[in-house]
Amino acid sequence: MDSLSTGTLSGVQKEELMDQVKQQIAIANAQELLTKMSEKCFKKCINKPGTALDNSEQKCIAMCMDRYMDAWNLVSRTYSSRIQRERNNM
Amino acid sequence: MSDLSDYSGNKGVDSELQDFLMAEKQKAQFHAQIHEFNDFCWDKCVDKPGAKLDSRTETCITNCVERFIDVSLLITNRFAQMLEKGGGMN
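Protein chains in written order, with the UniProt record's numbering: chain A, 1 to 90; chain B, 1 to 90.
Hints were generated in silico from the structure; no laboratory data involved.
A couple of the hints might just be wrong.
Stated by the list, open to error - DSS-like, lysine-lysine: derived pairs with alpha carbons at most 25 Å apart: (1) K85/B with K36/A; (2) K44/B with K48/A; (3) K48/A with K27/B; (4) K85/B with K22/A; (5) K52/B with K43/A; (6) K59/A with K44/B; (7) K59/A with K27/B; (8) K43/A with K59/A; (9) K48/B with K59/A; (10) K43/A with K48/B; (11) K44/A with K27/B; (12) K44/A with K52/B; (13) K44/B with K14/A; (14) K44/B with K22/A; (15) K85/B with K14/A; (16) K14/A with K36/A; (17) K44/A with K48/B.
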């Protein structure tokens, strides 16, 4: 690890920095997903906002969240296999 | 003094850190793209969220992602041709 030191960061410091970067990216990702899910599922499930979320609205939201995750994973699989295919064609 | 010589040898650039950041950036871009695809393919394909994604919805999402990539490739190529011919932007 000595040869990797830059004179300003020790090996341990660098590892900490990398962990921090990863963590921040993960948080940003989760926030993006949360924002999108709230927006999409509100649109799908709440037709006329009442004084409280009723039972069927809550059920719809729960289902919608799960389906949004399913769709996300499906898109992720489709996109990565497409990238793979495009690479093979180059 | 070994620190100093390491430092000058690397010219202050930590290649491990650089590789790490590049890889993380690529991952972040990949995720951002999935969020975007999922955003509009959800609107196009999902009607009422049910107990699971039915196969029609799944096919629609897969096609939506694939065709979107086709369209952006087509437009990119055609745009490049326009620029080559020189007159396209007038």
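Going down the list of hints, with the structure as the test:
1. K85/B with K36/A: 41 Å, violated
2. K44/B with K48/A: Judged against 25 Å, a Cα distance of about 22 Å means the pair holds.
3. K48/A with K27/B: Outside the cut-off at roughly 39 Å; violated.
4. K85/B with K22/A: 45 Å, violated
5. K52/B with K43/A: Status holds; Cα separation ~19 Å.
6. K59/A with K44/B: 22 Å, holds
7. K59/A with K27/B: Judged against 25 Å, a Cα distance of about 33 Å means the pair is violated.
8. K43/A with K59/A: The hint holds at about 14 Å.
9. K48/B with K59/A: 12 Å, holds
10. K43/A with K48/B: With Cα atoms ~11 Å apart, K43/A and K48/B stay inside 25 Å; holds.
11. K44/A with K27/B: 30 Å, violated
12. K44/A with K52/B: With a Cα-Cα distance of about 15 Å, the restraint between K44/A and K52/B holds, given a limit of 25 Å.
13. K44/B with K14/A: 44 Å, violated
14. K44/B with K22/A: 32 Å, violated
15. K85/B with K14/A: 49 Å, violated
16. K14/A with K36/A: Answer violated: K14/A to K36/A is near 33 Å, above 25 Å.
17. K44/A with K48/B: 7 Å, holds
Violated hints, listed in ascending order, are 1, 3, 4, 7, 11, 13, 14, 15, 16; each of the other numbered hints is respected by the structure.
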